[in-house]
Amino acid sequence: MTNLLVMKEYIKGFYAKYEDFILPVLKFLLALILFFTINGQLGYMEKINSPVIPLVSALLCSFMPMGFMVFLCAVFLLAHVYALSLECMAVLLLAYIFIAVVYLRFSPKEHLFLLLTPLLFCWGVPYVLPLAAGLFGSPVSAVPVACGVILYYVLFYMTGNAQALGSTEADAILQRFRDVTMGIADNKEMIITVVAFVVTTVLVYLIRRMSVDYSRAIAILVGTLADIVILLVGDLMYEANFSIASVIFGSILGALAALVMQFFHFNLDYLRTEKVQFEDDEYYYYVKAVPKMAVTAPEKRVKKITTRRAHQNARRSHSKARAKSGRN
Amino acid sequence: MVNEQKVLQMTKMAVYESGEGRKDKAVSGYFRGDYIGLQMILSFLVITAAFAAVAAAYVCFNFEELMADIYTMDLVEMGRSVLGAYLAVLVVYLAVTWLVYAVRYNRARKRLDTLLDDLESLEEIDEEI
Numbered sequence: 001m002t003n004l005l006v007m008k009e010y011i012k013g014f015y016a017k018y019e020d021f022i023l024p025v026l027k028f029l030l031a032l033i034l035f036f037t038i039n040g041q042l043g044y045m046e047k048i049n050s051p052v053i054p055l056v057s058a059l060l061c062s063f064m065p066m067g068f069m070v071f072l073c074a075v076f077l078l079a080h081v082y083a084l085s086l087e088c089m090a091v092l093l094l095a096y097i098f099i100a101v102v103y104l105r106f107s108p109k110e111h112l113f114l115l116l117t118p119l120l121f122c123w124g125v126p127y128v129l130p131l132a133a134g135l136f137g138s139p140v141s142a143v144p145v146a147c148g149v150i151l152y153y154v155l156f157y158m159t160g161n162a163q164a165l166g167s168t169e170a171d172a173i174l175q176r177f178r179d180v181t182m183g184i185a186d187n188k189e190m191i192i193t194v195v196a197f198v199v200t201t202v203l204v205y206l207i208r209r210m211s212v213d214y215s216r217a218i219a220i221l222v223g224t225l226a227d228i229v230i231l232l233v234g235d236l237m238y239e240a241n242f243s244i245a246s247v248i249f250g251s252i253l254g255a256l257a258a259l260v261m262q263f264f265h266f267n268l269d270y271l272r273t274e275k276v277q278f279e280d281d282e283y284y285y286y287v288k289a290v291p292k293m294a295v296t297a298p299e300k301r302v303k304k305i306t307t308r309r310a311h312q313n314a315r316r317s318h319s320k321a322r323a324k325s326g327r328n
Numbered sequence: 001m002v003n004e005q006k007v008l009q010m011t012k013m014a015v016y017e018s019g020e021g022r023k024d025k026a027v028s029g030y031f032r033g034d035y036i037g038l039q040m041i042l043s044f045l046v047i048t049a050a051f052a053a054v055a056a057a058y059v060c061f062n063f064e065e066l067m068a069d070i071y072t073m074d075l076v077e078m079g080r081s082v083l084g085a086y087l088a089v090l091v092v093y094l095a096v097t098w099l100v101y102a103v104r105y106n107r108a109r110k111r112l113d114t115l116l117d118d119l120e121s122l123e124e125i126d127e128e129i
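Protein chains in written order, with this note's numbering: chain A, 1 to 328; chain B, 1 to 129.
List time: in silico DSSO-like cross-link candidates among lysine-lysine, alpha-carbon distance up to 27 angstroms:
no.	chain 1	residue 1	chain 2	residue 2
1	A	Lys17	B	Lys6
2	B	Lys12	B	Lys110
3	B	Lys23	A	Lys27
4	B	Lys12	A	Lys17
5	B	Lys25	B	Lys6
6	B	Lys25	A	Lys109
7	B	Lys6	B	Lys23
8	A	Lys288	B	Lys23
9	A	Lys12	A	Lys275
10	A	Lys275	A	Lys8
11	A	Lys275	B	Lys6
12	A	Lys17	A	Lys288
13	A	Lys288	B	Lys12
14	B	Lys110	A	Lys275
15	B	Lys110	A	Lys109
No wet-lab data here; the hints were simulated from the structure. These numbers come from a predicted model, not from an experiment.
Using the sequences and the hints given, assemble the complete structure.
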């Protein structure tokens with residue numbers, strides 16, 4: 001455990017020291033993964049499929065705010081869906097309007113949840129997200145998570161029916177628009193997942209705020225159970241197509257990931273190395289405030305005990321004791 | 001000579017001012033009513049555009065039925081129900097906007113009040129010196 005704590009402190013220290021470089025690199029990697037995943041999963045527009053465009057876009061994202069990454073992802077998705085069919089683009093725009101009204105209008109800081117939700121769905125491990133949102137965010141974090149779930153299922157429907165939607169010989173445009181909208185609105189799996197994730201996020205947040213020991217671990221446990229129960233009960237009630245094994249194993253995996261994240265969690269705002277300039281009547285101050293290390297690495301002292309030295313020490317102490325007793 | 005306590009105090013204030021303080025100052029540049037009013041106007045525009053888009057999508061969705069019934073349906077009644085739905089959505093959305101931005105404004109003011117308190121304590125340190 002001490003080793004883990006030391007490792008955590010080392011990571012904190014490393015992050016504090018090289019924050020100026022680490023943050024853009026992490027943003028670059030996230031953007032690169034997102035753009036390549038979008039191109040890999042959709043990939044209907046050939047022009048943006050070449051690796052150069054995602055690479056340049058990711059570079060731009062590395063030094064821009066997170067909102068820019070959300071914007072570029074939206075543009076990538078829209079371009080691919082436009083290449084698939086015009087009706088799909090209209091439906092995706094409706095989804096964007098929904099996200100803008102309920103989430104972006106209130107200018108939140110939780111773009112990461114919105115970006116990661118569809119990505120983790122693609123990787124098959126989405127169950128960690130409501131836990132992470134409840135642990136590190138606020139109840140409002142449920143909104144970007146829910147938006148991410150809706151976005152994923154909209155895109156999932158389009159990629160799943162790409163052949164039918166892409167063919168120009170099919171029904172009229174309005175009929176296809178109707179089919180796509182109905183197909184997405186009737187997706188019970190999506191609605192159950194949204195409900196499960198929102199409830200889990202709020203529940204985890206409420207429990208982790210309670211003043212009891214191990215509140216965060218309890219929150220993860222209760223949140224995972226609630227998530228599993230809602231998904232399975234929803235599946236039974238509305239006959240959605242959840243794979244029970246993947247829900248249970250995915251949730252357990254999510255809980256383990258949340259525990260690891262919880263251990264290594266540190267408040268980035270508090271930790272940041274601050275460089276500020278100010279002045280008073282007498283001085284100009286250029287201050288660099290570096291966060292303190294809480295746990296120091298244990299110093300290792302190796303004591304060498306040789307038989308000869310030990311023998312000499314024993315003889316010396318023995319002769320001292322004898323001399324004392326002789327004097328007495 | 002440099003006073004350590006003063007430097008600590010000033011550093012904390014400068015950290016706040018260079019981060020969250022910048023946004024808070026922009027918020028507190030408005031009167032409370034003006035700030036919330038501006039946000040409600042923006043929300044009004046957003047929700048109106050969104051409602052128009054959803055209404056257009058609804059028309060596309062039910063285009064054939066609407067075209068078939070256009071001569072028989074009561075257009076005034078339909079207009080009333082659409083207006084009613086719009087007003088209901090608008091009221092709910094504006095209420096949420098009011099709540100969110102009122103809380104945001106109060107929090108910003110509270111943080112700026114703390115900054116003012118810090119400034120006063122800084123003056124006290126100066127007087128002690």
